[in-house]
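Could you put the whole structure together from the sequences, leaning on the hints where they help?
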Amino acid sequence: MGRTLSQKVWDDHVVRAGVAGGPDLLYIDLQLCHEVTSPQAFDGLRLAGRPVRRPDLTLATEDHNTPTIDITSPIADPVSRLQVDTLRRNAAEFGVPIHSLGDADQGVVHIIGPQLGVTQPGMTIVCGDSHTSTHGAFGALAFGIGTSEVEHVLATQTLPQKAPKTMAVNVHGDLPVGVTAKDLILTHIARVGTGGGAGYIAEYRGDTIEGLSMEARMTICNMSIEWGARAGMIAPDQTTFDYLRGREHAPQGALWDEAMAYWSGLKSDDDAVFDKEVTIDASQLTPFVTWGTNPAQGIGISEVVPDPDDFLDPIDQAAARRALDYMDLRPGMAMRDIAIDTVFIGSCTNGRIEDLRAAAQVLKDRRIAPGLRMLVVPGSAKVRALAMAEGLDQIFIQAGAQWREAGCSMCLGMNPDTMSQGQRSASTSNRNFEGRQGRGARTHLVSPLVAAASAITGRLTDPAWL
Amino acid sequence: MDKFSTHSGIAVPLRRSNVDTDQIIPAVYLKRVSRSGFEDGLFSAWRADPAFVLNQSAYQSGSVLIAGPDFGTGSSREHACWALLDYGFKVVVSARFGDIFKSNAGKSGLLTALVTEEEADQLMTMAQRHPGAVATVDLAAKTISMDDQVFNFEIDDYTRYRLLNGLDDISLTLQHQADIAAFESRRPAFKPTTTP
Chain A
1 MGRTLSQKVW DDHVVRAGVA GGPDLLYIDL QLCHEVTSPQ AFDGLRLAGR PVRRPDLTLA
61 TEDHNTPTID ITSPIADPVS RLQVDTLRRN AAEFGVPIHS LGDADQGVVH IIGPQLGVTQ
121 PGMTIVCGDS HTSTHGAFGA LAFGIGTSEV EHVLATQTLP QKAPKTMAVN VHGDLPVGVT
181 AKDLILTHIA RVGTGGGAGY IAEYRGDTIE GLSMEARMTI CNMSIEWGAR AGMIAPDQTT
241 FDYLRGREHA PQGALWDEAM AYWSGLKSDD DAVFDKEVTI DASQLTPFVT WGTNPAQGIG
301 ISEVVPDPDD FLDPIDQAAA RRALDYMDLR PGMAMRDIAI DTVFIGSCTN GRIEDLRAAA
361 QVLKDRRIAP GLRMLVVPGS AKVRALAMAE GLDQIFIQAG AQWREAGCSM CLGMNPDTMS
421 QGQRSASTSN RNFEGRQGRG ARTHLVSPLV AAASAITGRL TDPAWL
Chain B
467 MDKFSTHSGI AVPLRRSNVD TDQIIPAVYL KRVSRSGFED GLFSAWRADP AFVLNQSAYQ
527 SGSVLIAGPD FGTGSSREHA CWALLDYGFK VVVSARFGDI FKSNAGKSGL LTALVTEEEA
587 DQLMTMAQRH PGAVATVDLA AKTISMDDQV FNFEIDDYTR YRLLNGLDDI SLTLQHQADI
647 AAFESRRPAF KPTTTP
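Taken in order, these protein sequences are the chains called A and B.
For the first sequence, position 400 matches number 400 in our numbering, and the numbering has no gaps at all.
For any residue, its number in our numbering is found by taking its place in the second sequence, counting from 1, and adding 466.
Hints should not be assumed to be uniformly reliable.
[Unchecked claim] In the DSS-like style, the derived pairs of lysine-lysine whose C-alpha atoms are separated by at most 30 Å in a straight line are:
1. Lys469(B) <-> Lys162(A)
2. Lys162(A) <-> Lys608(B)
3. Lys162(A) <-> Lys657(B)
4. Lys556(B) <-> Lys162(A)
5. Lys608(B) <-> Lys165(A)
6. Lys382(A) <-> Lys657(B)
No lab work stands behind these hints: they were computed from the structure.
None of the values given here were measured: they were computed from a predicted structure.
This is how it looks when you write it as structure tokens:
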């Protein structure tokens with residue numbers, strides 16, 4: 001029987017097969033580190049007198065705590081500053097390469113990996129961050145881990161893991177104009193629920209996926225964790241290879257040819273059997289937004305806030321009631337009538353150059369609604385520089401938005417970019433959990449196109465309505 | 467890691483589904499660089515509400531949390547496990563756990579006991595009817611006993627074995643250094659490094 005893509009990558013990394021139903025010991029090709037989930041791991045190494053086994057397969061950056069204005073001054077919040085300083089000290093002590101605030105390659109950890117070319121097909125990639133699934137867009141097996149596992153990988157460059165089941169997400173048809181990868185994945189999450197992928201590695205496939213850019217593929221794989229999947233993968237193809245060629249850490253010369261020979265075989269065999277398959281008709285999708293407090297509580301932007309009584313499962317009913325209460329919404333309200341006061345464009349989900357271009361295209365020669373606060377936060381210093389070279393910063397500034405430095409920013413509000421009690425955002429980030437963007441703050445997850453259009457009207461808006 | 471065999475403690479009903487790790491501990495509490503003291507952040511937004519279960523005196527010293535399905539979804543922060551442990555919880559019972567949370571729990575010594583939705587509902591109801599009632603969790607037998615009723619729970623064999631024996635993964639893996647070195651010698655030259 002044939003093997004799926006994830007099974008091939010898995011098999012190629014087994015250092016030691018599991019004994020008596022125990023986990024396999026998997027080799028890890030790359031560990032990415034940031035300041036929040038690594039300090040206790042480095043501390044553990046120090047206490048045990050252990051080195052980092054492969055600093056050359058480890059890369060650190062600062063993103064969660066970093067300010068997005070005035071980055072040349074010391075970080076104002078002493079606790080954030082300590083965390084960032086701790087990462088710098090640990091990187092120096094253990095010999096781990098680091099891209100610090102101010103460095104040309106600094107940025108959100110899942111944006112800089114692909115940008116530098118260290119994310120490549122067929123690799124195993126981990127990071128103490130659930131959105132590590134982003135790197136699966138290259139046909140890598142990439143997943144988030146906790147701090148104990150971060151320490152384990154630092155010490156051994158391996159992880160004991162049990163092979164998850166496999167799920168094919170087959171996507172067919174052309175995405176309608178104005179419907180993006182973000183809408184596709186939000187729709188899927190709403191259909192299967194936050195636990196729909198628990199225990200599975202997902203493979204997104206089909207002609208729709210094949211037609212997407214690398215950046216759109218990253219948006220989809222990024223949100224795999226929001227429907228519970230351990231990882232999300234897309235088979236590498238010419239689009240992948242074209243993206244990689246010439247990047248700083250991509251193989252060159254004879255090594256490129258050798259890599260291509262390997263990468264070309266990284267796809268699920270025709271006779272491979274997935275444990276589960278689901279199908280999405282992309283041609284039927286519309287811009288999609290969330291109304292609740294988990295990413296599965298979403299609906300088409302032209303529809304109305306659902307009635308909790310209409311959910312079949314009593315647990316879903318209770319969750320919907322709680323969510324509507326927190327979100328201060330009433331059943332039957334049109335989503336397009338929901339007024340917002342904050343717009344955030346950025347994050348590892350939608351902080352890449354294509355996202356900024358899409359938003360800028362909507363905002364060009366327009367102004368955001370009076371009193372509305374809009375933050376545009378590029379995913380990396382490189383994305384920021386490129387956007388400025390294209391003049392996108394001027395479009396945002398002239399529209400009335402704030403053009404910021406790179407980082408995670410308002411996606412989770414660990415830095416000063418937060419919302420206040422009762423404020424409401426249209427956000428291109430990945431989580432609408434209670435309090436995620438600030439205590440008592442309300443989040444609607446949207447695509448960059450909807451975020452930009454909503455900034456103009458001050459209500460949740462499909463750009464087609466402008 | 468301490469060995470886990472049996473534990474008896476007050477059962478705390480948390481009748482909510484989709485308790486994501488941002489609810490267990492919000493991001494602002496993740497800035498510490500130490501491994502202790504995270505109990506302040508546990509359910510911090512909900513604890514501001516006097517009616518919240520942990521603000522009721524009968525449940526305050528609880529150590530067995532019984533929650534709705536999809537507990538521990540979202541962020542990979544192991545701080546969620548540390549916050550629960552630092553508060554005094556030893557066991558979380560649910561019908562579905564987020565994968566990363568479940569894995570983190572096994573590494574940090576927090577037992578995740580998987581039961582059916584009906585069983586979780588029954589346990590929550592019992593804990594609500596008799597505030598302060600004690601649940602006894604037996605890891606070897608994979609049972610939860612409460613009010614003379616016994617429920618079986620599931621946990622994967624490897625995690626159970628490690629918890630029962632208090633084994634640290636890193637020292638186990640380091641026994642296989644020769645295998646790791648042999649694997650490294652076979653790695654293709656085109657694989658990237660992060661150094662220039």
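ask   = Which hints from the list above does the structure break, by number from lowest to highest?
value = As far as the earlier hints go, not one is violated by this structure.
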